[in-house]
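Taken in order, these protein sequences are the chains called A and L.
Under the numbering used here, the first residue of the first sequence is numbered 1, with each subsequent residue one higher.
Under the numbering used here, the first residue of the second sequence is numbered 1001, with each subsequent residue one higher.
Hints were generated in silico from the structure; no laboratory data involved.
Possibly wrong hints are sitting among the right ones.
As the list claims (entries may be wrong) - Some chain A residues flagged as far from chain L (calculated, every beta-carbon gap over 10 Å):
(1) 3
(2) 60
(3) 86
(4) 113
(5) 236
(6) 258
(7) 270
(8) 281
(9) 289
(10) 318
(11) 322
(12) 326
(13) 339
(14) 382
As the list claims (entries may be wrong) - Computed cross-link-like contacts, BS3-like style, restricted to lysine-lysine with a CA-CA straight-line distance of at most 30 Å:
(15) L:1137 with A:327
(16) L:1079 with A:375
(17) L:1079 with A:327
Even for Gly, the Cβ is constructed at its ideal location relative to N, Cα and C.
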Amino acid sequence: MELYELTIQQALEAMRLGETSSAELTRSSLDRIDALDAKVGAFLVVAGERAQAEARQADERRRRGETAPLLGIPIALKDIFCTRGIQTTCASRILEGFVPPYDATLVSRLTAAGAVMIGKTNMDEFAMGSSTENSAYQLTHNPWDLDRVPGGSSGGSAAAVAAGFAAGAFGTDTGGSIRQPAALCGVVGMKPTYGRVSRYGMIAFASSLDQAGPFARTVADCALLLETVAGPDPNDSTSLPDPVPAYSANLECDLRGLRVGVPDEYFAAGMEPGVEQAVRRAIDVLSELGAEIKPVTMPHTEYALAAYYLIAPAEASANLSRYDGVKYGLRASNANTMELYTRTRGQGFGAEVKRRIMLGTYALSAGYYDAYYVKAQKVRTLIKSDFDRAFESFDVLVAPTSPTVAFPLGARTDDPLAMYLSDVCTLPPSLAGLPALSLPCGLSDGLPVGLQIVGPALGEQIVLQVAAAYERAGGWNARVAPLT
Amino acid sequence: MSVSDYEPVIGLEVHTQLQTKTKMFCGCAAAYAGAEPNTHVCPVCLALPGVLPVINKQAVEYAFMVGLALNCEIPEASKFDRKNYPYPDLLKGYQISQYDLPFNINGWLTVDVDGESSRIGVTRAHLEEDTAKLIHKRENGTSHTLMDVNRAGVPLLEIVSEPDIRTPAQARAYLQKLRLIVQTLGVSTGNMEDGAMRADVNVSVRRVGTIAFGVKVEVKNLNSARSVQRALEYEIQRQAQAVDRGETIQQETRGFDEDRGITVSQRSKEEAHDYRYFPEPDLPPVFITTEWIDSIRARLPELPDARRDRYASQFELSRYDAAQLTSSLPVSQFFEAAVAGNAKPKVAANWIQGELFRILRERDAELEALPLQPEHLAEVLNLVDEGTITQAIAKQVFEEAATTGTAPRKIVADRGLVQISDTGELEQIVAKAIAANPQAANDYRAGKVQAKGFLTGAVMKETRGKANPATVGEILERQLGSA
Chain A
1 MELYELTIQQ ALEAMRLGET SSAELTRSSL DRIDALDAKV GAFLVVAGER
51 AQAEARQADE RRRRGETAPL LGIPIALKDI FCTRGIQTTC ASRILEGFVP
101 PYDATLVSRL TAAGAVMIGK TNMDEFAMGS STENSAYQLT HNPWDLDRVP
151 GGSSGGSAAA VAAGFAAGAF GTDTGGSIRQ PAALCGVVGM KPTYGRVSRY
201 GMIAFASSLD QAGPFARTVA DCALLLETVA GPDPNDSTSL PDPVPAYSAN
251 LECDLRGLRV GVPDEYFAAG MEPGVEQAVR RAIDVLSELG AEIKPVTMPH
301 TEYALAAYYL IAPAEASANL SRYDGVKYGL RASNANTMEL YTRTRGQGFG
351 AEVKRRIMLG TYALSAGYYD AYYVKAQKVR TLIKSDFDRA FESFDVLVAP
401 TSPTVAFPLG ARTDDPLAMY LSDVCTLPPS LAGLPALSLP CGLSDGLPVG
451 LQIVGPALGE QIVLQVAAAY ERAGGWNARV APLT
Chain L
1001 MSVSDYEPVI GLEVHTQLQT KTKMFCGCAA AYAGAEPNTH VCPVCLALPG
1051 VLPVINKQAV EYAFMVGLAL NCEIPEASKF DRKNYPYPDL LKGYQISQYD
1101 LPFNINGWLT VDVDGESSRI GVTRAHLEED TAKLIHKREN GTSHTLMDVN
1151 RAGVPLLEIV SEPDIRTPAQ ARAYLQKLRL IVQTLGVSTG NMEDGAMRAD
1201 VNVSVRRVGT IAFGVKVEVK NLNSARSVQR ALEYEIQRQA QAVDRGETIQ
1251 QETRGFDEDR GITVSQRSKE EAHDYRYFPE PDLPPVFITT EWIDSIRARL
1301 PELPDARRDR YASQFELSRY DAAQLTSSLP VSQFFEAAVA GNAKPKVAAN
1351 WIQGELFRIL RERDAELEAL PLQPEHLAEV LNLVDEGTIT QAIAKQVFEE
1401 AATTGTAPRK IVADRGLVQI SDTGELEQIV AKAIAANPQA ANDYRAGKVQ
1451 AKGFLTGAVM KETRGKANPA TVGEILERQL GSA
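Given the sequences, and given the hints that come with them, work out the whole structure.
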């Protein structure tokens, strides 16, 4: 087995036993990136020297007898997390050259845990997209088929883990941006309960929806990554005060008697038969493990897409107004303040970002606010109450993560609405603020399919347990994409 | 029709900076006077990508303190909202403010103008954050603007009055009352001169006796209570004359030209902004319990109106006198300290309203700027009581203490101002005065009482105020009566 094929748990054990070192693991990641990332395009920045220095430090700390949950493990970060001293662009030209003077809380917690930061990964600009094709810098190619998208907006992080460039990575999920790329790239990805992980230092897209979460090739690795960064943060007033359970220590679970709901509405139109087959087979596995599977109806599911595409752009239209050429990032040449604003934004923002800013501004404007923004928030409450009702009778819900496997690059770029449909299965849990995970459940035409598991608020543990149980029986075996 | 057929309808919108330790949504120091530019800054108030606000609890409590002092209703829950508009001094592109669920609503305060008391409604008092400061420079024919972010994020309390104000003097009194309240509470300096308190006025006119409102004009850039009054005087006249001529008033924002005393159109501010308010998603709502408010109410200091009433009853002063003494915090503190130093309350009250206020007016000064101490007043009054100096001399001594800060006893000693009580000396001076003014002497003997005052005055002049007027009066009567 190559070093880059080790899971985080395996790597930690190997280092503990002295069989390898962080320096070797990091070297292995960097070599593989050197060899293959030109084809994949997962990374915007590879922090080669800095990572090696951090790796040496981690090995030194280990030699001194120190322990830390991720000591010496190479991790990739979506370029949405502010990293002190390292350029952070959100894959936008408007932040080209922006070097944050501070670390996101998530980043400080990873540093405290001894992780080695391998680099910043590609994404859709300002997290707006489902294919990473909206990056202003480069395309990312799905390691399973380089002509296809890795999903988005955290496509770079998903691809990095799928390709074996890093054993773990972090991304963000607003409407599905961790889960969908995880499904398309054949890795495990999780969006925690809204407020479980601090958003401080995570560049904002939609404040009431954004959440950071881990990518890895196993559920146990995901659990470890999540518990390392989760927990209340005085710098984030929306972070939850609840203490973080030891997720990774409690993954054993007997599924007998587990009540699993399968929402009818998620198997709707547009779903590829191969995807449906793989997902249904996975549900059968759960049934074989003793779970009680029953259908459930979530009647407001069809409104989630519309509600999301009013709420998220509205919040984004305010969150992005700080990008004005005055303080940092791109400053276009200008003859006056108005030109400073309009030319900087005209040049700095991509088409999808502009589209959403305009949508959001419109939805908030006088005369339309009640009909669009307020109405969408009310619909959101109805969507949440669908889940509340479902969780009265079920422990978890399972569904497909994405209606299709990875689509070809360029296939949906001319049709924004078609692109938006990629998220129909992931949007409702986002709107409801609930924890949801995607893990591989098979291939369709040689491309990975993801199974989504949704839990009640702060139900990360049960979601991880069900995922771990399925993973053991499901046969995916944490495989790295067959990339050469 | 003349201008007096129109009555003004005035509302005031006041922003006051709160003297909290840190800014409204981050941990930077809030007091920025004298600081180097851009030194009280952090990622949050600099609006760097990725930052989030955190509510300053002290600011919220200060807001409730003002709300309670203004007799406001406080809701069970409140929230912050984003107010979106583009301007370089608003770093995020939106201001975190409050829209439809402010911390305080439906309050009022009383103002006294020329002894007449009226109640002015307060619509709301809410919290928001201040903007950065822009400094425009012109060099070599080009202009550029510098930005100092120290002020960005300082907590502001926006207090909006009902359009209940009817005269410029009332507007000025309202501002002074607000200032007094925030000073008394210790939540703000209320200083208009350094921008800690800012006022915008909304004013319209209507024919006396009508109820419909006229077109309202906003006047900004007023940096003192007096400017507010002057701007209103001009603007009301302007509007009344225009309406009388049959013109329509433009709904607009005008600035006040201090030097010329006129309002000027700032037509650069076009249509009303659509602020696209929506609830601030980065901050949870604030749930307000009665226990919380009760504990704040219990900690309130004595408020100006209560103090006024207490002075009236405790010191047996008229409501008018009590109101005058409590019209400013330094003055009321001065009064109480003087009384504690054994000054008789009624006498001290008269001296403060008389001599002290005159000195302040003449010098266009604030009490805090004078070296005068409350002990000085007490001492002067004691010196009079003892008979050491006359009233006339006392006034001189008081004025000198107000200039130099020297203790009155020392002034009296240094200048030899002790009252002449040697009757022998006084008999001589009186006799001289009678001899020098035979006409007045005869008038008095003929029954004209005013003549005595004239002669007394002559003696006072001769003694440079050091003769005791009562004694002089007795001697005069005796000497005149015996002729």
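Against the structure, the hints come out as follows:
no.: 1; hint: 3; verdict: holds, 33 Å
no.: 2; hint: 60; verdict: holds, 31 Å
no.: 3; hint: 86; verdict: holds, 13 Å
no.: 4; hint: 113; verdict: holds, 20 Å
no.: 5; hint: 236; verdict: violated, 5 Å
no.: 6; hint: 258; verdict: holds, 33 Å
no.: 7; hint: 270; verdict: holds, 30 Å
no.: 8; hint: 281; verdict: holds, 40 Å
no.: 9; hint: 289; verdict: holds, 39 Å
no.: 10; hint: 318; verdict: violated, 5 Å
no.: 11; hint: 322; verdict: violated, 5 Å
no.: 12; hint: 326; verdict: violated, 5 Å
no.: 13; hint: 339; verdict: holds, 13 Å
no.: 14; hint: 382; verdict: holds, 18 Å
no.: 15; hint: L:1137 with A:327; verdict: holds, 18 Å
no.: 16; hint: L:1079 with A:375; verdict: holds, 19 Å
no.: 17; hint: L:1079 with A:327; verdict: holds, 29 Å
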